[in-house]
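Sequences are here, hints too, so could you generate the full structure?
Protein chains: 2
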Amino acid sequence: MSLSFTEKWNQAISKNNSLVCVGLDTDPAQLPASVRAKADPVLYFNQQIIDATCDLVCCYKPNFAFYNALGASGFATLKRTLDYIPEDIPVLIDAKVGDMGNVAAQYARAFYEVLGCDALTVNPYMGHDCVAPFTAYQDRTTFLVCLTSNPGADDFEKQLMGNRPLYERVIAKAHEWNAANNIGLVFGATQPEHLAHFRSLAPDIPLLIPGVGAQGGSIELAVKNGCDARGAGILINSSRGILYASQDSDFAAAARQATLTLRDAINAHRP
Amino acid sequence: MSLSFTEKWNQAISKNNSLVCVGLDTDPAQLPASVRAKADPVLYFNQQIIDATCDLVCCYKPNFAFYNALGASGFATLKRTLDYIPEDIPVLIDAKVGDMGNVAAQYARAFYEVLGCDALTVNPYMGHDCVAPFTAYQDRTTFLVCLTSNPGADDFEKQLMGNRPLYERVIAKAHEWNAANNIGLVFGATQPEHLAHFRSLAPDIPLLIPGVGAQGGSIELAVKNGCDARGAGILINSSRGILYASQDSDFAAAARQATLTLRDAINAHRP
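Chains as they are written, first to last, in numbering that gives the first Met the number 0: chain A, 0 to 270; chain B, 0 to 270.
Think of the hints as simulated: they come from the structure by calculation, not from any bench.
Check the hints yourself; a few may be wrong.
[Unchecked claim] Under the rule of at most 27 Å between Cα atoms (straight-line distance), these lysine-lysine pairs were calculated in the BS3-like manner:
{"id": "1", "chain 1": "A", "residue 1": "Lys37", "chain 2": "A", "residue 2": "Lys78"}
{"id": "2", "chain 1": "B", "residue 1": "Lys78", "chain 2": "B", "residue 2": "Lys157"}
{"id": "3", "chain 1": "B", "residue 1": "Lys172", "chain 2": "A", "residue 2": "Lys157"}
{"id": "4", "chain 1": "B", "residue 1": "Lys223", "chain 2": "B", "residue 2": "Lys172"}
{"id": "5", "chain 1": "A", "residue 1": "Lys172", "chain 2": "B", "residue 2": "Lys14"}
{"id": "6", "chain 1": "B", "residue 1": "Lys78", "chain 2": "B", "residue 2": "Lys37"}
{"id": "7", "chain 1": "B", "residue 1": "Lys37", "chain 2": "B", "residue 2": "Lys14"}
{"id": "8", "chain 1": "B", "residue 1": "Lys78", "chain 2": "A", "residue 2": "Lys78"}
{"id": "9", "chain 1": "A", "residue 1": "Lys172", "chain 2": "B", "residue 2": "Lys172"}
{"id": "10", "chain 1": "A", "residue 1": "Lys157", "chain 2": "B", "residue 2": "Lys157"}
{"id": "11", "chain 1": "A", "residue 1": "Lys78", "chain 2": "B", "residue 2": "Lys37"}
{"id": "12", "chain 1": "A", "residue 1": "Lys14", "chain 2": "A", "residue 2": "Lys37"}
{"id": "13", "chain 1": "B", "residue 1": "Lys78", "chain 2": "A", "residue 2": "Lys37"}
Computed from a prediction, not measured in an experiment: that's the story for all the values here.
This is how it looks when you write it as structure tokens:
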């Protein structure tokens, strides 16, 4: 029987002693010239990155947008990338989808069945019946977008709804909808003070934490404030900082070194 | 020079005397047996529906989820569907995407350049910098999800943020971000009392109104409360009610009849 996201993820955390998630947000415009000459440059690049990092990570996170931008071949490139990732490393697709129940069921089928990923990001704005078709896949984990690392988080997410910000209502609803214990949350690393409060509200919920690389969030605060009581429970994502550590033909070695550096920087702060 | 969404849409409203938008949410499981035998059943079905309805509508709206659920061939089927739609009918892709600026730019490229649609739905939850990469395409219209027709609208959208519901803050932000006059909003037909208030807040913003078919919203109230001062300014979407008006080999004729009936029901209430 295949493992759930949670099982795979915790095993990878232990085996690789790592909370690093590598974001496979592969942009053809950023690839080294030697890679651009390949038949499927994005797939080739992803394979090299996976080979170079798969003993150092606890998850891979391709962002769906980058594969759509490839046009008709993008879905197949994404599928082949997933097929290439070793069985024991879970895959979280970052798509931030959210739609009516009958539509959400189609997305759930596309991501959890056709692509066969272990976890997915979902936008909670439209409410419970738009989230339920994803959480119905009990062995997968559905990460709800909660508080993001960009400036626009001020427009709605941090605005008070009653006596607490909207994103805290998302946390409360995540608890309410979490009967199968398969909901996670997305929480930007640029919000470390909110992260500490978050963990006090949700001691057991898995957290996807983007924003430590190009966006400048503090690794120390993300780890100290975000980890659960076991010193785990978080995925710290880096995309550009790893993929484009070198834009020359040594990109894979440079990606490995960047992943190693990030893994060790994270581990230095784990309790 | 090609026309903007707004120009194409207004010309189609006049030419076809119609506010009907047909939702191309084509589900292979719902297709007649005669269609399922075709090489690309979804494309064939869409072509028949388009042939049967293109003189009766002001827009087509494929929902991206249904094409993703087709797997690797879905993007090409969607692209061929768009290529088949007559030049003078605009296409709005319903994808409800929303992500960080650099990611949103990839989605904008995928939808507005690679697929070449005229308009797109976007989820506003993450704020201004996640919407800007879409509105940067000034000749396209970006429809922000505002108040939806499903029960989950109570979870966040209708909750008070300060002294007004979250969805009204989305309306206020839509105004603020609308320098290029190319933002629309999605507003469910099952919320007619909110719709009247909405139109008083936003007299000129285009409205995509789903929810009159399977979901039971009132056509009369959607039209009376939603139309702008010219008796236009809205797209009333129907998907299942038109696509599956008959599940037999006469599906195209039945779809035409259902579109005609909806068009006339809408026009009966236009000022």
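Kindly indicate which numbered hints from before are broken by the structure, ordering the numbers from low to high. 2, 5, 7, 12
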